[in-house]
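**Student:** Chain by chain, the residues:
2 protein chains.
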Amino acid sequence: MDILNVELGTRSYPILIGSGLLGETEVFRRYLRAREVLIVSNTSVAPLYLSTLVASLSGRRRVEVILPDGEVHKTLANAARVFDVLIANRLARDCAVVALGGGVVGDLAGFAAACYQRGVDFVQLPTTLLAQVDSAVGGKTAVNHPGGKNLIGAFHQPILVVSDTATLATLPPRELRAGLAEVVKYGLIADATLFDWLEGHVERLLAGDPETLTHIIRRSCEIKAAIVGRDEREQGERALLNLGHTFGHAIESATAYREWLHGEAVGAGLVMAAAMSVACGSLPAADAERVRRLIARVGLPTRIDSVSAAAALDHMKIDKKALGGRLRLVLLRRIGEAFLSADYPPDVLNSTLEAHFGGGR
Amino acid sequence: MDILNVELGTRSYPILIGSGLLGETEVFRRYLRAREVLIVSNTSVAPLYLSTLVASLSGRRRVEVILPDGEVHKTLANAARVFDVLIANRLARDCAVVALGGGVVGDLAGFAAACYQRGVDFVQLPTTLLAQVDSAVGGKTAVNHPGGKNLIGAFHQPILVVSDTATLATLPPRELRAGLAEVVKYGLIADATLFDWLEGHVERLLAGDPETLTHIIRRSCEIKAAIVGRDEREQGERALLNLGHTFGHAIESATAYREWLHGEAVGAGLVMAAAMSVACGSLPAADAERVRRLIARVGLPTRIDSVSAAAALDHMKIDKKALGGRLRLVLLRRIGEAFLSADYPPDVLNSTLEAHFGGGR
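If you read the sequences in order, they're chains A and B.
Position 297 of the first sequence, counting from 1, maps to 297 under my numbering, and the rest follow consecutively.
Position 164 of the second sequence, counting from 1, maps to 525 under my numbering, and the rest follow consecutively.
Bear in mind the hints are in silico, worked out from the structure with no lab data behind them.
Any given hint could be a false lead.
Stated by the list, open to error - These stretches of chain B come out as covered by chain A in the derived footprint (C-beta under 8 Å, 3 or more residues):
| hint | region |
| --- | --- |
| 1 | 433-446 |
| 2 | 473-485 |
| 3 | 512-520 |
Please read these numbers as outputs of a predicted model, since none were measured by experiment.
Note that CB positions come from ideal geometry on N, CA and C, so glycine has one too.
So that you can see chain A by itself, here it is in the shape it has in the complex (with noise of 0.2 Å):
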């Protein structure tokens, strides 16, 4: 088992990675204090792993919300449902909300956990290979809205986080793919070394081989906790963690996230990030192109066209990062390498739109 620090002061927690670590009761009893817990899943990740966390938190008084699997669900009304439990069996201000799955369950289960009685404890037990990466560590929570993607949310700390790379073996390879978006991004914005590393072992990786993952799961945790830990709100230096993301969120609200799922959207928004970069004259057009054949390689889609440039632009426009009217973009400098620019000549974007959705060449 490895062990990570996310460090941020009282709110510190630790990230376990290992194989079978959700059926470690020595684990659960070590590190979750709560005498009640809710635990929170979906429908296809419940019938596989809910039985073997139950018997880890014996002796404890339990409660379950299986949601609908996918991000569509991932909605205020869907949080009011847990709301609804933890108030009809009277969960105490001591509890743990514990979330059992992908991204959609952990940060739904995390707003309900930032939200009753003030913030609760909460645990996230990530089963996919992006939230084990990426949405399981730092603490935020969100929902959707029909308008725009994670508009509703809070900042909230897990106190654990248990990544059971075990689970990765059940992962249908869609959803593998799809958490390989975000270990790029990481590669992309802090570490040219892991970028080569991949370009190298994307067949392993995709092959499920688990040492591989196990490898990119603890490097990609390393560079979020470290992120997070000199910048827990996003003041500065988080928001390069949005590297692809506003395009990525753009794909999915457009398409009412039921299309895409998050990673993949991530993914054709790492290769327009990196083409804008290129007309942006701040990326060697060599790079971007190593962007777009790994993600290719991935079997990430690399333009979406069944949304227009036209809907793309104005699903971006609401997104968070569309601070006073400008929307701000992460861009790259090199491979390794990210910036927050919202002085961008206009038309670059329009351009790099029409280049990848519907309607460009």
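Position chain B relative to chain A; hints supplied.
**Tutor:** Just chain B now, kept in the frame of chain A:
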């Protein structure tokens, strides 16, 4: 104009107290940077003060949400209505949510500000005595749930509180009395001199004398700001501000938030907390009698006949102070000193409830 400061490091903010402040453009020019504001108010307050506020905010982009008046409307559904308006109008992350009204408007608007884009600026413009002395200060925001009061919420400090004491001239007498309950509370937990002073000034306060009201607003805010500054997240001392509130919340939720104003329920709750303190042997009976007489002279209820003791107990158990199944209550040691207790004899609580709710003597 009086200026008090709530000292919370980077989250410190001023409380401005004075007559006619809502009409002073200069106040808002100086203390509010946002160029886009969402004003939340209700159907009672908006006709009286919205146009004055709008004039003071001239030059900014404004959007408004006018809610129906009353605690029964402090719901997640109405918070969702605020989200819808924020998003439909694409207010950016650097906007401000401005609450113009009493505690219901402030709590709900503050919760919406806490969650929108994971937190935007929030301004409190309290127009009731209760909000000016208590709910507008300290950053507790929430909505109610049918199962209990304030069960869904967030700690989210305002960046500015402006208490225009001239608004109290239009306050219904019932609301004025309700606000005084919280002032009596401050005397009981922290300031015996204030309690004595209140005993000597009840008639003037009920007559709406501006100078007398301004005195208690300033003193209440001083006490609350000091406590919140030492214990923002209610890890300890801040819990004393809940004196009478566990009883009060039970009264409110047992009557579906329709029968009693929050301050009225708190008034009865203070009488119950004092009576229970006597039964526990911590408070002289003569002091509890002073509490009961002052509450009665203010015109607040000292017992609640429409709710049974059993129903009240049931609703108390879901209150946020019910830690790990054991209900923690704030009790009195003397007038001016309160303490938190979970080790009172159980039948003392039952007999207190039976004596003050329907079905009791």
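**Student:** Give a verdict on every hint.
**Tutor:** Right, here's what the structure says about each hint:
Only residues whose beta carbon comes within less than 8 Å of a beta carbon in chain A count, and the region 433-446 of chain B has 4; three or more means the coverage holds. Evaluation of the coverage hint for the region 473-485 of chain B: fulfilled, as 6 residues show C-beta separations to chain A shorter than 8 Å, against a requirement of three. Counting residues of the region 512-520 of chain B whose beta carbon lies closer than 8 Å to any beta carbon of chain A gives 5, which reaches the threshold of three, so the coverage claim holds.
Violated hints are absent here; each numbered hint is respected by the structure.
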